[in-house]
Amino acid sequence: MSGPGTRRTTMSTRDTEAAPPYRYTAAMAGEIERRWQDRWTERGTFHAPNPAGPMRPSDGAAVPEDKLFVQDMFPYPSGSGLHVGHPLGFIATDVFARYHRMNGRNVLHTMGFDAFGLPAEQYAVQTGTHPRTTTEDNIVRYLAQLRRLGLGHDERRRIATTDIGYYRWTQWIFLQIFNSWYDTDADRARPISELEQQFASEQRSTPDGQPWAQLSTAEQRAVINEYRLVYLSEAPVNWCPGLGTVLANEEVTPEGRSDRGNFPVFRKNLKQWMMRITAYVDRLVDDLERLDWSDKIKAMQRNWIGRSHGARIRFPVQTGIGETAGIDVFTTRPDTAFGATYMVLAPEHPLVSAITAHHWPSDVDATWTGDGDTPTEAVAEYRRQASQKSELDRQENRDKTGVFLGVHATNPATGEPIPVFIADYVLMGYGTGAIMAVPGQDQRDWDFAEAFGLPIVRTVAPPDDFAGQAYVGEGPAINSANSEISLDGLAVDEAKKAITEWLEATGHGEGTVQYKLRDWLFARQRYWGEPFPIVYATEGDTAGQPVALPESELPVVLPDVEEYAPAAFDPDDASTEPAPPLAKATDWLEVELDLGDGPRTYHRDTNVMPQWAGSCWYQLRYIDPANDEAMCDPANERYWMGPRPELHGDEDPGGLDLYVGGVEHAVLHLLYSRFWHKVLYDLGHVSSEEPYRRLYNQGYIQAFAYTDSRGMYVPAEEVEEREDGDFWQGQPVRREYGKMGKSLRNAVSPDDMSERYGADTLRLYEMSMGPLEASRPWATKDVVGAHRFLQRLWRNLVDESTGELRVVDDEPGVETLRALHRTIAGVHEDFAGLRYNTGAAKLIELNNHVTKTYGGRAGTPRSVAEPMVLMLAPLCPHLAEELWSRLGHSVGENRGSLAHGPFPEADAEYLLEETTEYPIQVNGKVRSRVVVATSAGEDEVRSAALSEERIAELVAGGEPRKVIVVPGRLVNVVL
RNA sequence: GCCCCCGUAGCCCAACCGGCAGAGGCAGGUCCCUUAAAAGGAUCCCAGUGUGGGUUCGAGUCCCACCGGGGGCACCA
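Counting the first sequence from 1 gives a position; my numbering is that position plus 209.
Derived by calculation from the structure, the hints in this document are not laboratory data. For every residue, glycine included, the Cβ atom is placed at its ideal position computed from N, Cα and C. Keep in mind that the hints are not guaranteed to be accurate.
Straight-line distance between alpha carbons at most 25 Å, and here's what the computed SDA-like set of lysine to any residue pairs gives [claimed, not checked]:
hint: 1; residue 1: K951; residue 2: G851
hint: 2; residue 1: K793; residue 2: G805
hint: 3; residue 1: K990; residue 2: S1072
hint: 4; residue 1: K505; residue 2: A563
hint: 5; residue 1: K609; residue 2: P463
hint: 6; residue 1: K276; residue 2: L1120
hint: 7; residue 1: K725; residue 2: D468
hint: 8; residue 1: K480; residue 2: Q754
hint: 9; residue 1: K598; residue 2: Q754
hint: 10; residue 1: K793; residue 2: P1111
Ranges between beta-carbon positions, derived for each pair [unchecked claim]:
hint: 11; residue 1: A783; residue 2: L424; range: 38 to 48 Å
hint: 12; residue 1: S571; residue 2: L636; range: 53 to 63 Å
hint: 13; residue 1: P759; residue 2: A788; range: 23 to 33 Å
hint: 14; residue 1: S402; residue 2: L636; range: 35 to 45 Å
hint: 15; residue 1: E713; residue 2: T810; range: 52 to 62 Å
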């Protein structure tokens, strides 16, 4: 009889017979891991005390001055759970936190959830399940997966952005920003009340000059609203019918589609909430220099902000009805103004209609008219065509097109008339939407000039051997003089300075700075997000004006609604309008409030905040998660995040000590978060000027994926790698490489790896497969190497057949002590520098030495075993705790846990060898070697090398030209 | 098109300020244990650093050009 039951019995009997009973197997690892995870929870091992509030030390002791705040970019709890790529950063921060905790620092490390977001909402739309239910179920699942990895989080500090107790403070911060304005003189945000005082005391005059006191309440409010850091504006925004919401610029891809979901995005004029991030633009750029971030991320932020210095120049032009208007252009090259031979406006430029001529000049060039009978006609047709071009069309087709407006402007530098065109290579969204075209020094202008037969004048002399068209490099100015000024002969920088002074003196323009960054569109017409703490009066002269709720009205809780969907829109239908789901929550919508002028009826704002809101400030809530009085006690913020110039230099902006996450948030989360933090700093709520002092971007774990002959993905797990190729179920498959996930059918789950090897093995493998910042391929077959190492280490300390400790009190030999202390010194450096791959290699090397030396003896000397276990602990904490406790540390301080140390210190005595072997090179090639005392001076080493037999032979009695001695390294004899 | 990063053994990766190319793991070979097997033990094998120049006593490391891979930006005035 052979049923499934019989078979299983046979196999398990075999297993138990085969493996010694006390071997470190996956089953034993699992048992050890669960046991220590329970102990850590019971004992609150990773609870980090705060200086103030409920988390201050229970015995009244002061918190250690030496602290470390480590943070991961918190995950969105998706329905598909974690794959082995996700925890790479989580494990890395855990190792870092554990290492520093063992070295006596007070370490804050926890993890929460970025739990508002589209997937739960879309699932709700499909199934009717409340997004909160889906979200909370997913969080439970994530927590189980995270727990299994043995992450040493302070679980008291977990938050989810969807917790009402959390988003109450997100709303509070919104109100702080709403109730602030940017004082450009003081270069900081200030409370709105101070602006009101300035108006009331006439220290500041109103925009139209009317005395403040004569304005009605509604008028006063309207004036104030224009200054707020959050404001409503009617402007072209990114409308995404496919998502039913508007989006921020940062959420739209270069192809003009939504970052999430890849739906088409249309420009549409809508009234929307904006955050005045542009007020902080200079500080956001300049303070990058004070941050310990990779150059790559800094470059991406600088790029996005796009600050360029240049000048604004006004070109006079006659309108169609004979009036003089001015076309403002922005240029980074005012020095080339003498070479501006024509002008171009963006097709959407507001001046176009006003200045377009009614008739073509008699001598008009046929290629300039776009086949229109009149300029008006040609312009209308060109505008129509331009509006229909998608972003992609624009990028793919870079042939220069445009039409002449039939008018000329005057180049203020030369005084010459120059023709004015519209062309779609000039964008309305950047600068002033108009350019002076300088074909001699700009390739785009050159291309257009060639297509339209326009004159080209060089104003910078290219080098003699220059063979290109437009010349954008350095060189002396030429052809650049009028009766008042000459730039000729000046270098580019000098010429810019000189012309800018002349422009300012003559009123033709002025030096200015231009940015690509635009204000942050902050509202979403979705359900699953934070409601705005804003209401509007329904009657009276202030009706329709936004009014901030007082703090006492917080939180504004998200109401339940019948329909979660914003509305079903055709993703390609640009004519649709946002229809927020909250507008349908009628009971919630209307509210009776007394906001200072008696009870009145208000209706609530129906927008919700974007997902980025909650992640803008979560580090502050980790610090003080249970605080009901404030988002965060200032004493706690100062301790965990305050500047420490004595450690980090005078320019230290403060912020948490290590932030690890993927590079994909370079211009979204990381920019928004810095902005909010700076507002909070200006308003005095935090002592740090930046949220994240040090940022480290981990690489991605990718994996091979396989497609069959039809191009369909097959489960990567089941693919056989053979010498003649890769096969799945006998058929050949093609190998690809990409992100791990469901769509490529190549995801590997951490639970599965824990099942097969234990979480410690998984942790060790992930940390040793390469440097943290590098992306690399996952290879399940390699995991066994990490497991074997742990088995060997276990075997060096525990008898596999009896379970007895095999550790002796003998003194280790000097070779072993040298190996040990070299390892200790190296591991310290590697762990502190996040180089876990080399740290792990050093531990394996030491263990190999121990195996070789003591494997055949009665046991491993305790004085080697203990430090080895302690050094392993940050990487493989469960196994290390288990061995540490078996080594007899089960009682006493820290109740036998090594989580708080000690961590071994290297003894300098064993780091230096008594003798050093020097390789001896002759003309750069190693010919021999010689052993001398480490303490030997250069001369001794030199003579030892020269008197070495083979070298003496090669030198053969002559005088070497040169002998180079590199102390501790080598000797090179040059003949 | 422009900018940044990376090319070291069959594979993943080490190599400090330029100083003996190899720490570690996978795969492979041989042997041991074993009726057999491996997630056991021992041991061995493997490249001259993408290519071509240059600087240097000496280059994986610095410089130049090119090739290949990855990423960012892209008609930004």
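Against the structure, the hints come out as follows:
1. K951 - G851: Violated - the C-alpha atoms of G851 and K951 are around 42 Å apart, more than 25 Å.
2. K793 - G805: 28 Å, violated
3. K990 - S1072: With Cα atoms ~34 Å apart, K990 and S1072 exceed 25 Å; violated.
4. K505 - A563: Given pair K505, A563 is violated - Cα atoms ~45 Å apart, limit 25 Å.
5. K609 - P463: 20 Å, holds
6. K276 - L1120: The hint is violated at about 30 Å.
7. K725 - D468: Distance of about 19 Å is within 25 Å: holds.
8. K480 - Q754: 13 Å, holds
9. K598 - Q754: 37 Å, violated
10. K793 - P1111: 60 Å, violated
11. A783 - L424: 38 to 48 Å: 39 Å, holds
12. S571 - L636: 53 to 63 Å: 33 Å, violated
13. P759 - A788: 23 to 33 Å: Holds: the Cβ-Cβ distance is about 29 Å, inside 23 to 33 Å.
14. S402 - L636: 35 to 45 Å: Given about 40 Å between the Cβ atoms, the range holds.
15. E713 - T810: 52 to 62 Å: 54 Å, holds
Consistency with the previously given hints fails for numbers 1, 2, 3, 4, 6, 9, 10 and 12, ordered from lowest to highest.
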